[in-house]
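One line per chain: the protein sequences are A and B, in this order. Residue 33 is where the first sequence starts when you use the numbering used here, and the numbers rise one by one after that. Residue 2 is where the second sequence starts when you use the numbering used here, and the numbers rise one by one after that.
Hints may be right or wrong, so weigh each one.
[Stated by the list, open to error] Cβ-to-Cβ under 10 Å is the rule here; a few derived chain B residues that face chain A:
| # | residue |
| --- | --- |
| 1 | Asn51 |
| 2 | Gln150 |
| 3 | Tyr252 |
Don't read these hints as lab results, they were simulated from the structure. Every value quoted in this text rests on a predicted model; they were computed, and no experiment measured them. Positions of the beta carbon are idealized from the N, C-alpha and C atoms, including for glycine.
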Amino acid sequence: MRIKRSLQTLAGVLAAASVGLSLAPAHAADHANEQLYPLFSYRTGPYAPAGIPQWGGIRDYFNYINSHGGIDGVKVLVQECETAYTLERAFECYERYKHGYQGAQVAALFDTSSGFDATISDEARADKLPVVSVAGGREDAVDGAVFPYQFPVLFDYWTESSIVINYIAKQLGGLDKLKGQKIATVYHDSGYGRDTIEPLAILAKKYGFIDIEIPVPDPGEQQQAQWQQIKQQGVNWVFLRAWGVMTPVAIKTAARVGFPSDHIIGDIWSGSEEDVKPAGSAAIGYKAVTVFPSGSNFAISQTLKKEIIDPGKSDLRDTSKFGSVYYNAGLVSAIIYSEVIHTGHEKFGNRPLTPAEGQWALEHLNITPERVAALGATGLLSPLKLTPEDHEGEPSAKIQQWDGHHWNVLTGWLNGDRALFHDAIFAKAAAYAKQKNLPPRPTLTN
Amino acid sequence: MSASKLAGTAHLGGTVSQAPRLSGRRVAILVALILIYGVIPIVGNDYWLNSLIIPTIVMGLAGLGLNLLMGYAGLISLGSAAFMATGAFATFNLLLRLPILPLPVVLILAGLIAGLGGLIFGLPSLRIRGFYLSAPTLAAQFFLTWLFQTYHWFSNNSMSLVISAPRLEFFGYDLSSSRGRYLLVALTAGLLLLLAFAIIKSRIGRDWMAIRDMEVAASVTGVPIARRKLQAYVVSSFFLGVAGALWAFAYLGTADSNTFSLDKSFQVLFIVLIGGSASLLGNFVGAAFIVLTPIVLDILVPVLGLDTYIDQGSIANIEPIIFGALIIFLLIKEPDGLASLFSRTIRALSIWPLRR
Chain A
33 MRIKRSLQTL AGVLAAASVG LSLAPAHAAD HANEQLYPLF SYRTGPYAPA GIPQWGGIRD
93 YFNYINSHGG IDGVKVLVQE CETAYTLERA FECYERYKHG YQGAQVAALF DTSSGFDATI
153 SDEARADKLP VVSVAGGRED AVDGAVFPYQ FPVLFDYWTE SSIVINYIAK QLGGLDKLKG
213 QKIATVYHDS GYGRDTIEPL AILAKKYGFI DIEIPVPDPG EQQQAQWQQI KQQGVNWVFL
273 RAWGVMTPVA IKTAARVGFP SDHIIGDIWS GSEEDVKPAG SAAIGYKAVT VFPSGSNFAI
333 SQTLKKEIID PGKSDLRDTS KFGSVYYNAG LVSAIIYSEV IHTGHEKFGN RPLTPAEGQW
393 ALEHLNITPE RVAALGATGL LSPLKLTPED HEGEPSAKIQ QWDGHHWNVL TGWLNGDRAL
453 FHDAIFAKAA AYAKQKNLPP RPTLTN
Chain B
2 MSASKLAGTA HLGGTVSQAP RLSGRRVAIL VALILIYGVI PIVGNDYWLN SLIIPTIVMG
62 LAGLGLNLLM GYAGLISLGS AAFMATGAFA TFNLLLRLPI LPLPVVLILA GLIAGLGGLI
122 FGLPSLRIRG FYLSAPTLAA QFFLTWLFQT YHWFSNNSMS LVISAPRLEF FGYDLSSSRG
182 RYLLVALTAG LLLLLAFAII KSRIGRDWMA IRDMEVAASV TGVPIARRKL QAYVVSSFFL
242 GVAGALWAFA YLGTADSNTF SLDKSFQVLF IVLIGGSASL LGNFVGAAFI VLTPIVLDIL
302 VPVLGLDTYI DQGSIANIEP IIFGALIIFL LIKEPDGLAS LFSRTIRALS IWPLRR
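Can you build the whole structure from these sequences, using the hints too?
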């Protein structure tokens, strides 16, 4: 009896599994007229609070675009693939969707984690699939000659380091005042967090401040030792390169050891409402770099509110997240994606694009200030122009401060000293090309 | 041990028993071998090989490593991932710093280095027993990952600490395609499975089981307890080290110490519990369950059209709940693991036509 029941259970499990797996790479062409947007989400795991509003922004924008016929008449098919922010699951998602889904092709893959972005390089190169990382990703990929298929667009952490140091200098009254200052970088111990070690070493050498690097192990729920160290060493400023739960814990621990919150400057991924609200009053005065300004007064936000949020069509369960930093980050990603597809349509016609056409479109993307205004994204999205040589555009960001209820922007768009790092970054790309024995890219023309 | 003799006595459970001489069993093993080394590499596409089969085999190998320690020798370890990390970092450094070494030698050396780690962290097992033993192995988990994270020499001073496979080739044959990596993984797993089989059938294996069943009795009958326990840690860590190297370079293509976190240790532990303690092939069944179930659940959602009824947020959270419920259900229904379910199934099938 028991055996029989076990056998039935087993048969059931096996049947379900085989149905699931055999249908996975289905070749039915149900969606041949649509463009696939694989969304590598993380709605579970320690980083879910940072993820959920982003997916809301992305899905709501495409929902809006599709309700108006799609991008130039081509609808966007969003297929979500849960990764729980692990590399393994993200790899599985990549393999699952790299050749499209039921006839819908991928023109460009917008990834959702810097760690994944750094490790997918070889695969993306082999598959000739353009991988885009909005305000993240591997630094050396800005060199399109070495990384033809990677696009760390909009912003990077090296420029961010320079913006933060310049901002500190301004508070002190000049770059010469940096000498002897102790500036600690408290970073998430991952590829993402460690990315600023190098630029800060270069900056410290140039300006003479004391560069203290303090790692926090993933996910960063316990930081007493790190902040004690900061207090003991008499650190003047902290650059907080946190992610997820690490940010509120850092702010609270800083308050506990008595480090002033207005001398902490957070990373772009440490500057949203989700990052400061859990820290309560300890976060008042805390500053952060931002490329995704919060707010819902942008023209596009108002349209979305009217057409998606208010009729209850939003992906957000909690619509109070509408207009938050992470929601707007998702919105910015979706707008950039739509513009890439639109750029491709102008050359190849209004139909779903192939990965090769997506790559061309990315390398010829030019979102002018006029275009930003036409999209209703003035103030939300900075103009973006990519070329085959430059896969990033002109990175710029603002500094904002939390007053307990809202983020207040303190500065205009800051550019940092990107030229200072140019040689170091391109040397890294060249070293990568040499290590991997890559042939030089044949043509960089149209 | 000749292959035919092995085939004649191979069985799913690990207990020392006289296996019935079934000619059907030999045929089954032959078919399995042809499937694994002949058919799968030819018919498998990138998705199946890269995302499903390779991680299943590698995690099964890791489960095998822990099972030797836990299921056969009765010792506990919560530091499996640390020894996997040791194997991965050792492989990286050997390939990088001693480029003359061929890949198989590197894998074996990496396994031995991980085994050395196992020897050191196995020492407390001579004094500590039972649940308390989990503490030093937990220390291994935290110490070794801290070591690789803190000393950048281990990752060749790469600032991101991400190690990527410098080269994956064997006698000039490039193994970096998914097929090549699959063959590397399948061959390594096959050989290590034979090795594990030989070990548990040997005196060492019998001594381990004696210690597991009753340490005092074993010691009275002359089993060298201390040596056998340390051997268990070394052998287990060797397997885990090789599995870690394969995980990093044949599967992910890269790794950092976060890849081998405590979560991974627990995953290996679950593989042993679900696959079946004191079983060899059960580990691969358990690994298939642990690796594939979340993916199957994720794929089933759009296939069944559930995403039109439920919002994505709920789906993403329901999936792990179903996964957890399945684990509990399986452990209640099959406390001996999937391996015992399979062997009973096979037994039931072999008498099936005669049953009525």
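Right, here's what the structure says about each hint:
1. At a threshold of 10 Å, the smallest CB-CB gap from Asn51(B) to chain A is about 5 Å, leaving the interface hint in force.
2. The restraint placing Gln150(B) at the interface with chain A holds, with a minimum CB-CB distance near 6 Å, inside the 10 Å limit.
3. For Tyr252(B), the interface hint holds, the least distance from its beta-carbon to any beta-carbon of chain A being 8 Å, beneath 10 Å.
Comparing the model with each earlier hint shows no violations; every hint is respected.
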